[in-house]
Amino acid sequence: MDFLEGIPWGIIAPIFIIQLLLLIIALIDLSKISDTNGPKWVWALVIIFFSIFGPITYFIIGRKQG
Amino acid sequence: MTAILETTNLTKIYGSEQAVNKVSFSLIEGTSTALIGPNGSGKTTTLSMLAGLLQPTDGMISFNGEKHADIRKHIGFLPQYPQFFSWMTALEFTEMAARLSGMDSRHTKIEAQKTLEFVGLGEALRKKTGAFSGGMKQRLGLAQAIVHKPKILLLDEPVSALDPVGRREIMNLLKSLQQNMTILYSTHILNDAEEMTNQLLFLRKGELVEQGSLSDVKTKYDSPRYRVEFASAQDALTFAARSPWKVSYEEIFAFIDLDNELPEMNAVLGYLANSGLGIRKVERQTSSLEEIFMKVARQE
Amino acid sequence: MKNLIVLFQKEWRENTRNFKILWIPLVFIFFGLSEPLTSYYLPQILEAVGNLPEDAVFSLPEFTAAQVIMATMGQYQFFGMLVLVLGFAGTISRERKNGTGTLIYVRPISYLSYFLSKWKVIGTIALVSVWLGLLTTWYYTELLFGKVDTADFFAFAGTYSVWILFVVTIVVAMSAWLPTGAAATVSLLLVLLVQIVDSLLGAYWTISPWKLAIYATQWLTGSPDATNFWWSIVVTLIAIVGLVVFGVWMSKRNASKTKI
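Residue numbers (my numbering), protein chains in the order written: chain E, 51 to 116; chain W, 10 to 309; chain G, 6 to 265.
Because the hints were derived from the structure by calculation, they are not lab data.
Beta carbons: idealized from backbone N, C-alpha and C, even for Gly.
Treat each hint with caution, since some may be false.
Stated by the list, open to error - Sample of chain G residues with no beta-carbon within 10 Å of chain W, all distances over it, derived:
| id | residue |
| --- | --- |
| 1 | 14 |
| 2 | 226 |
| 3 | 230 |
What the hints assert, rightly or not - As a list, the in silico DSBU-like pairs of lysine-lysine whose alpha-carbon atoms are at most 35 Å apart:
| id | chain 1 | residue 1 | chain 2 | residue 2 |
| --- | --- | --- | --- | --- |
| 4 | E | 90 | G | 7 |
| 5 | G | 264 | W | 76 |
| 6 | G | 25 | W | 76 |
| 7 | W | 290 | W | 146 |
| 8 | G | 25 | W | 118 |
| 9 | W | 76 | W | 31 |
| 10 | W | 123 | E | 114 |
| 11 | G | 152 | W | 136 |
| 12 | G | 152 | W | 76 |
| 13 | G | 152 | W | 137 |
| 14 | G | 7 | G | 262 |
| 15 | G | 7 | G | 152 |
| 16 | W | 82 | G | 7 |
| 17 | E | 82 | W | 137 |
| 18 | W | 82 | G | 257 |
| 19 | W | 146 | G | 152 |
| 20 | W | 82 | G | 102 |
| 21 | G | 7 | W | 136 |
| 22 | G | 152 | W | 118 |
| 23 | W | 184 | W | 214 |
| 24 | E | 114 | G | 257 |
| 25 | G | 152 | E | 114 |
| 26 | G | 264 | G | 7 |
| 27 | W | 136 | W | 184 |
| 28 | G | 25 | W | 214 |
| 29 | W | 184 | G | 152 |
| 30 | G | 264 | W | 158 |
| 31 | G | 102 | W | 31 |
| 32 | W | 146 | W | 255 |
| 33 | G | 262 | E | 90 |
| 34 | W | 118 | G | 102 |
To be verified - Pairwise CB distance ranges (calculated):
| id | chain 1 | residue 1 | chain 2 | residue 2 | range |
| --- | --- | --- | --- | --- | --- |
| 35 | G | 210 | W | 75 | 21 to 31 Å |
| 36 | G | 206 | E | 71 | 23 to 33 Å |
| 37 | W | 218 | E | 81 | 35 to 45 Å |
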């Protein structure tokens, strides 16, 4: 894994921070919302396991707007 | 006795279906009017046109004599199933409603709060409407309809979705509003109509088939029926068997339906007096609104 | 116009509480970050993942700073448009469908205020998101690839902003006109498909809103033809005004379709 050594983490870190933020926001919203399109636990898995696209898909089609 | 709102030949046609056909009536300031009729008779369509949601196909609505007026400024409207933004609190929604109706923003918060307390939502001011029960939504619906103190209140089946207790409470609220507002409400629960109405409007298949005050309508459709209370069931039976009129009986009572009240009633009384039967009481019965409704709804 | 403020506040509050003012900027910033980073580290990434034969001569193109910024815009032109269209296609149609519009439409509102309140909030979210993303990409590009002239960058981002505003206006107007599903479909056709058609057949004309993205990128490498550029801007602005008028009219006409 020596290729990891050359990577300047200070530059790369923001991209992970943003993914983490999206994940947290999506999970907070999921926990507060009364109803979703489809079972909540499925959306929890989608949000957690599909980085970046999981939270986006949840926000676009998962949450019931009203 | 000035008409605050008047409709002239109000008509709504969808394709080939006449939802509302040439309906003309007027609402007198400070009175309550019940709009009754079977399902699909055009009650909601009529209210929607008055609320400015639907454009009439033909006819006219005038407010205080002003023709084709934008009466949205003067009304409060409560749909049968009011829908709210689930992310808003009751207070936020009521305040927004007041401001959109043109109320000065300096007063809206206080007014919204007072109104919510009036409808019994004082405890739920800061609750999100998404968590509201049906009864709470109905109350909030009433609050948003009256918060800006409109001159006219339009209510579509305001209590029909509620349980008896809720219904009682909302009816009492509405009655207390009667003094300050002109109310037009639709209902299919005729007890409610009987309880709070100066004017009845009967709709059937989109047409206004009857209108008038509760007593006028009752007089018009009343069919004379007398109830005679006998001393015994045997006497009632004897009377029913022998008398020349249309008589039905039940235990110690006999019911006489007359076509021609005045002359016939004299004969009935004479017959009873000479019959030798034990008579305790003779009384005239008035038809309930329910019975009148059935009559009007059935006649073609 | 008094109720514009009230409706604007409602719209803003809604987009705060459904987190759109957070997640949409984050998505645009994400692409603004990931594009320069993946371009820069592509060789290492390939090396790490790849079972490339030892002696494979694999020459990667050397990206210029301008190309990296264009690549970010390329992501926006697909994923960004998808997010904007799908995220906002229900803004008016949903209020009709679920009946929440009813208690707004029975009040003496002007439909111009109603439409503009939505247009302004969505436009703000979209523009702020795009600018945050582009500024991020600019910063990273300068860090990893080299300098991009400030004036060039602002000319590029400014031009692209007009296109974004055009897209937002399409989405809101379609939502005023059609049910949510159809509004999203037609918006995507207008934004994505017409763009492809324009780039395939568009050699025959030079003035079109769908050419703005290309003209925007031309600021990074030189400058677009002034006449074509300015006329495209003018045509786009006229189209935006036209779409607003159409949207206001449709909001009013369709108010009667709200669930009662």
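Quick rundown of the hints versus the structure:
no.: 1; hint: 14; in the structure: violated, 8 Å
no.: 2; hint: 226; in the structure: holds, 46 Å
no.: 3; hint: 230; in the structure: holds, 48 Å
no.: 4; hint: 90(E) - 7(G); in the structure: violated, 41 Å
no.: 5; hint: 264(G) - 76(W); in the structure: holds, 28 Å
no.: 6; hint: 25(G) - 76(W); in the structure: violated, 45 Å
no.: 7; hint: 290(W) - 146(W); in the structure: violated, 50 Å
no.: 8; hint: 25(G) - 118(W); in the structure: holds, 27 Å
no.: 9; hint: 76(W) - 31(W); in the structure: holds, 17 Å
no.: 10; hint: 123(W) - 114(E); in the structure: holds, 32 Å
no.: 11; hint: 152(G) - 136(W); in the structure: violated, 53 Å
no.: 12; hint: 152(G) - 76(W); in the structure: violated, 69 Å
no.: 13; hint: 152(G) - 137(W); in the structure: violated, 51 Å
no.: 14; hint: 7(G) - 262(G); in the structure: holds, 25 Å
no.: 15; hint: 7(G) - 152(G); in the structure: violated, 47 Å
no.: 16; hint: 82(W) - 7(G); in the structure: holds, 14 Å
no.: 17; hint: 82(E) - 137(W); in the structure: holds, 11 Å
no.: 18; hint: 82(W) - 257(G); in the structure: holds, 17 Å
no.: 19; hint: 146(W) - 152(G); in the structure: violated, 59 Å
no.: 20; hint: 82(W) - 102(G); in the structure: holds, 24 Å
no.: 21; hint: 7(G) - 136(W); in the structure: holds, 27 Å
no.: 22; hint: 152(G) - 118(W); in the structure: violated, 54 Å
no.: 23; hint: 184(W) - 214(W); in the structure: holds, 29 Å
no.: 24; hint: 114(E) - 257(G); in the structure: holds, 25 Å
no.: 25; hint: 152(G) - 114(E); in the structure: violated, 45 Å
no.: 26; hint: 264(G) - 7(G); in the structure: holds, 26 Å
no.: 27; hint: 136(W) - 184(W); in the structure: holds, 27 Å
no.: 28; hint: 25(G) - 214(W); in the structure: violated, 47 Å
no.: 29; hint: 184(W) - 152(G); in the structure: violated, 75 Å
no.: 30; hint: 264(G) - 158(W); in the structure: holds, 25 Å
no.: 31; hint: 102(G) - 31(W); in the structure: holds, 29 Å
no.: 32; hint: 146(W) - 255(W); in the structure: violated, 51 Å
no.: 33; hint: 262(G) - 90(E); in the structure: holds, 31 Å
no.: 34; hint: 118(W) - 102(G); in the structure: holds, 29 Å
no.: 35; hint: 210(G) - 75(W): 21 to 31 Å; in the structure: violated, 53 Å
no.: 36; hint: 206(G) - 71(E): 23 to 33 Å; in the structure: violated, 42 Å
no.: 37; hint: 218(W) - 81(E): 35 to 45 Å; in the structure: violated, 55 Å
Checked against the numbered hints above, the structure violates hints 1, 4, 6, 7, 11, 12, 13, 15, 19, 22, 25, 28, 29, 32, 35, 36, 37; every other hint is satisfied.
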